[in-house]
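Could you build the full structure based on these sequences and the hints that come with them?
Number of protein chains: 6
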Amino acid sequence: MFTPAISRFPVPSLKDMPDDIRERILGVQEKSGFVPNVFLVLAHRPDEFRAFFAYHDALMEKDGGLTKAEREMIVVATSAANQCQYCVVAHGAILRIRAKNPLIADQIAANYRKADITPRQTAMLDFAMKASRAAETVSDPDFAEMKRHGFSDDDIWDVAAISAFFGLSNRIANVTSMRPNEEFYLLGRLPKQG
Amino acid sequence: MFTPAISRFPVPSLKDMPDDIRERILGVQEKSGFVPNVFLVLAHRPDEFRAFFAYHDALMEKDGGLTKAEREMIVVATSAANQCQYCVVAHGAILRIRAKNPLIADQIAANYRKADITPRQTAMLDFAMKASRAAETVSDPDFAEMKRHGFSDDDIWDVAAISAFFGLSNRIANVTSMRPNEEFYLLGRLPKQG
Amino acid sequence: MFTPAISRFPVPSLKDMPDDIRERILGVQEKSGFVPNVFLVLAHRPDEFRAFFAYHDALMEKDGGLTKAEREMIVVATSAANQCQYCVVAHGAILRIRAKNPLIADQIAANYRKADITPRQTAMLDFAMKASRAAETVSDPDFAEMKRHGFSDDDIWDVAAISAFFGLSNRIANVTSMRPNEEFYLLGRLPKQG
Amino acid sequence: MFTPAISRFPVPSLKDMPDDIRERILGVQEKSGFVPNVFLVLAHRPDEFRAFFAYHDALMEKDGGLTKAEREMIVVATSAANQCQYCVVAHGAILRIRAKNPLIADQIAANYRKADITPRQTAMLDFAMKASRAAETVSDPDFAEMKRHGFSDDDIWDVAAISAFFGLSNRIANVTSMRPNEEFYLLGRLPKQG
Amino acid sequence: MFTPAISRFPVPSLKDMPDDIRERILGVQEKSGFVPNVFLVLAHRPDEFRAFFAYHDALMEKDGGLTKAEREMIVVATSAANQCQYCVVAHGAILRIRAKNPLIADQIAANYRKADITPRQTAMLDFAMKASRAAETVSDPDFAEMKRHGFSDDDIWDVAAISAFFGLSNRIANVTSMRPNEEFYLLGRLPKQG
Amino acid sequence: MFTPAISRFPVPSLKDMPDDIRERILGVQEKSGFVPNVFLVLAHRPDEFRAFFAYHDALMEKDGGLTKAEREMIVVATSAANQCQYCVVAHGAILRIRAKNPLIADQIAANYRKADITPRQTAMLDFAMKASRAAETVSDPDFAEMKRHGFSDDDIWDVAAISAFFGLSNRIANVTSMRPNEEFYLLGRLPKQG
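Chains as they are written, first to last, in numbering that gives the first Met the number 0: chain D, 0 to 193; chain S, 0 to 193; chain F, 0 to 193; chain W, 0 to 193; chain E, 0 to 193; chain C, 0 to 193.
Be aware that one or more of the hints could be misleading.
Copies of one chain are not kept apart here, so a pair can be met inside one copy or by any two copies together.
As the list claims (entries may be wrong) - In silico lysine to aspartate or glutamate, EDC-like type, Cα no more than 16 angstroms apart, as pairs:
{"#": "1", "residue 1": "129", "residue 2": "182"}
{"#": "2", "residue 1": "99", "residue 2": "181"}
{"#": "3", "residue 1": "129", "residue 2": "144"}
For the record, the hints were derived by calculation from the structure and aren't laboratory data. As the structure is a prediction and not an experimental result, all values here were calculated from the model.
Here it is in structure tokens:
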């Protein structure tokens with residue numbers, strides 16, 4: 000049976016990976032039931048793999064003024080603007096699960112301005128989009144608008160950094176033609192999973 | 000319980016609609032099990048409703064060189080480029096059903112260049128995108144490229160007209176804030192539905 | 000003598016058209032003195048012809064808060080932005096006649112912001128342009144600005160729908176290389192015609 | 000009777016102008032029958048007036064591989080892309096007269112790719128548009144394409160310089176809200192004038 | 000030793016130039032210690048050379064509400080947006096000298112919004128950028144914002160005209176592949192030169 | 000004396016930093032003679048600091064088909080396109096030093112297509128720009144063009160990843176208003192430093 004490639008580049012087998020990378024991947028597999036392809040595609044470059052996931056965790060696993068669902072909203076909106084298939088599909092699944100909302104990811108991917116989110120979350124995504132598409136013009140009024148919605152300076156950094164980090168991720172996924180796992184498409188869509 | 004509005008504009012009740020429109024809507028409901036909101040939103044304008052669906056049927060229900068799934072691919076790609084939440088969600092569902100493929104709509108909505116489609120279908124969507132975003136520059140080489148992939152002149156008209164018609168639909172849906180029915184999100188995603 | 004083609008696609012002769020289409024065309028010819036090429040070019044597709052003109056009439060022949068000249072202003076501004084030669088030339092002529100103003104069409108086609116129109120009409124064209132170029136961002140402040148200028152909700156629908164419908168028309172005219180009739184160029188420019 | 004302003008800025012009366020500028024203007028009036036507003040608007044700045052028209056004449060009144068009509072085609076195409084009402088209307092008139100063609104200016108202003116011009120002229124306007132919109136990317140293949148159509152190096156300089164000079168003119172006309180004289184609209188449209 | 004060409008086009012030798020042009024060039028050489036390549040490249044077209052520098056001097060050598068350093072800020076910001084290597088390097092040097100600031104040119108070329116300039120100067124460059132990139136949309140609020148910062152009408156004309164003139168210069172420099180003299184790179188960067 | 004802020008966000012003092020971060024910074028200071036502000040600005044977020052520099056070193060300090068100067072060319076071209084003042088100034092200095100060429104950074108920042116680089120390096124920067132601005136369209140012909148210039152698959156990954164990583168860096172620098180150290184401006188410009 001034909002299996003589509005998950006990357007334009009070589010993908011190492013588990014046994015050929017450095018121990019720390021193999022262990023992280025096995026840990027993810029145990030927790031999620033499958034290995035998201037981003038782990039396998041980036042394992043072609045062990046040092047970048049380590050830096051990428053350290054950066055990811057620093058931004059996505061922390062506490063702070065943004066909920067984990069809100070962080071994933073930023074990822075989905077940024078990835079949709081960058082037309083990153085892997086990230087929209089994979090993080091769309093994570094967003095559905097974290098928000099316990101089967102509709103939210105498709106809404107945000109298509110047009111976040113029409114999604115079932117709060118005005119505060121819309122302001123957050125407006126800022127994330129500006130940081131993603133025209134960061135050179137971000138200035139005082141953008142910060143003021145965020146603060147008007149209750150975001151702290153550190154929250155604003157989070158929004159910008161998440162958007163910027165996934166901009167990096169989007170570009171690498173598009174250049175490598177990283178393929179989303181089929182498991183992601185249905186995750187978080189059915190009542191029992193929500 | 001709160002029900003989000005499906006339009007910024009007034010939505011008539013079934014009993015207040017002209018007979019022909021009410022009958023079309025009841026027919027759709029019987030066939031699909033629910034009434035897609037586009038029927039209700041456009042019923043605010045009966046003459047436009049009639050013209051819209053006549054146009055829609057002329058382009059989408061006909062035979063020809065494009066399969067019905069391919070026609071829906073054009074709709075999804077165009078609607079994603081225009082950030083039309085209603086059309087991406089609703090026609091994504093129809094595409095999954097027509098293509099009997101639970102992944103295809105999300106792939107095309109995110110980035111059709113990375114979707115599991117044939118080179119001929121990619122050429123079709125390249126042409127549709129050019130007709131949608133820069134029709135003023137469509138010229139002989141674009142037609143030649145389509146013919147190289149086996150499309151007839153009438154197929155090319157279909158591609159352009161479908162893209163142009165849904166460009167109209169996308170703009171109206173965005174201005175009216177047309178809301179996709181929740182039923183669409185899961186349609187065509189589960190094996191039994193495919 | 001060489002006659003330039005009016006379409007890339009086949010154009011049926013009057014005798015080969017369905018009766019209703021031939022009759023509409025003959026009616027137009029009697030009223031206008033010539034047959035605008037859009038009727039002949041679209042006659043290649045009778046079902047789309049019928050839907051197209053039904054839609055056109057629903058938007059352009061109705062009463063309401065917009066004058067017929069204002070409706071044509073939207074057509075000319077939208078068509079200029081979409082670089083549609085047929086629509087700028089043909090509807091420029093209609094605008095000159097309806098506004099009884101020989102200058103208005105060229106002014107709007109070049110830059111509506113500098114045209115001899117009222118601030119209300121400028122706001123109308125700003126909204127039409129936003130619906131045409133970035134409908135995904137149309138939101139409450141855009142509606143509020145229109146209402147500040149006295150437009151009702153139904154007027155706003157008209158503006159958006161006219162712009163969206165002629166966006167469809169512009170794309171088809173550009174892909175078919177629809178050629179404007181020479182009669183249009185001078186219509187409404189001379190005092191006796193105004 | 001209300002006369003619309005021809006500029007946002009002060010416009011000197013003839014008697015207050017330096018002698019050389021007044022004489023040039025009187026000469027134009029004698030030849031054309033009216034004074035194009037660009038002369039009056041720029042007379043607010045005598046040194047810039049002199050440099051502007053010296054530059055204009057150096058590019059537009061010279062002999063060379065481009066006909067005078069072709070030079071005006073570049074002006075109209077560039078000015079349309081820059082949405083300069085004054086230049087589209089005024090130079091549209093000059094183009095009609097120089098090309099002895101009442102249709103050509105409106106065709107080029109709307110979409111030069113669909114105008115009744117030769118492939119060589121289309122290549123000329125493609126180059127002019129690239130010089131106008133993305134000069135930073137002009138490179139060897141653009142020059143090669145021009146030479147394939149028979150343009151010499153000096154012709155190419157002319158095309159780029161005319162497009163660049165009228166880009167300057169377009170910006171000044173838009174910022175000053177320079178108003179086209181009503182005489183231009185009809186010039187060159189009637190058989191006897193051609 | 001290899002010397003890179005300073006233009007795609009022929010560059011006349013001093014002895015083959017018209018007297019007035021040779022004299023201007025010798026005067027510049029005496030004052031600056033070298034001949035900026037723009038003089039040599041444009042000498043290929045004597046009439047355009049004369050008009051170009053007359054225009055330049057009319058805008059850059061005059062007195063008025065803008066300092067000479069501020070005029071050069073407009074040149075550098077415009078040229079950076081137009082990706083004109085010659086103008087960024089050459090006028091960057093002049094700006095450093097006129098502002099007696101070794102950092103200012105690189106700051107403005109990269110992103111003027113982050114440069115060590117006053118809010119008034121930022122407003123000036125915002126206006127210059129709008130005149131350069133979207134002059135068709137310049138309107139009353141842009142003038143009001145400039146006046147709020149103390150600019151007179153004539154100052155605003157200067158800002159727009161300088162931006163428009165160097166837009167012309169940028170396009171010609173890019174099409175001719177005009178090469179900046181090596182002398183410019185270090186000018187104004189060392190304390191003794193400032 | 001006034002010292003401009005180097006960040007919109009709090010900057011920790013050396014003594015308040017985690018040991019590993021302080022040690023890295025002291026090491027850089029010893030080697031370079033000053034502490035580039037990016038180290039101080041990112042120290043506000045220790046986990047992100049560690050991931051950022053690990054990523055940086057993985058891409059910029061490695062061996063491979065690209066020279067270190069070529070890696071810096073990608074950084075400067077990407078940062079100029081993203082209008083990142085910090086990165087253009089700081090990495091411009093590093094590029095001058097690594098390429099032993101005092102002109103190269105200003106040339107690439109203004110318009111890399113006109114820089115004194117090889118056709119292979121131009122192809123590299125074309126690919127980097129496409130990965131940076133339109134990664135969603137990168138496809139087989141882009142890879143083929145790179146291979147025609149002798150780049151291996153791993154080189155191509157490097158180009159894309161460097162461009163993507165500095166796209167992240169550019170966005171964070173713009174949002175934080177990261178200020179370049181004054182030391183960078185002159186580095187690598189004088190013969191003795193080259």
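Status of each hint after checking the structure:
1. With identical chains, the CA atoms of residue 129 and residue 182 are never at most 16 angstroms apart, being 32 angstroms at best within one copy and 31 angstroms at best between copies.
2. Within a single copy, residue 99 and residue 181 get their C-alpha atoms only as close as 20 angstroms, which misses the 16 angstroms cut-off; across copies the closest is 15 angstroms, which meets it.
3. For a Cα distance limit of 16 angstroms, the shortest separation of residue 129 from residue 144 inside one copy, 13 angstroms, qualifies, whereas the shortest one across copies, 23 angstroms, does not.
Going down the numbered hints, you'll see the structure goes against just number 1.
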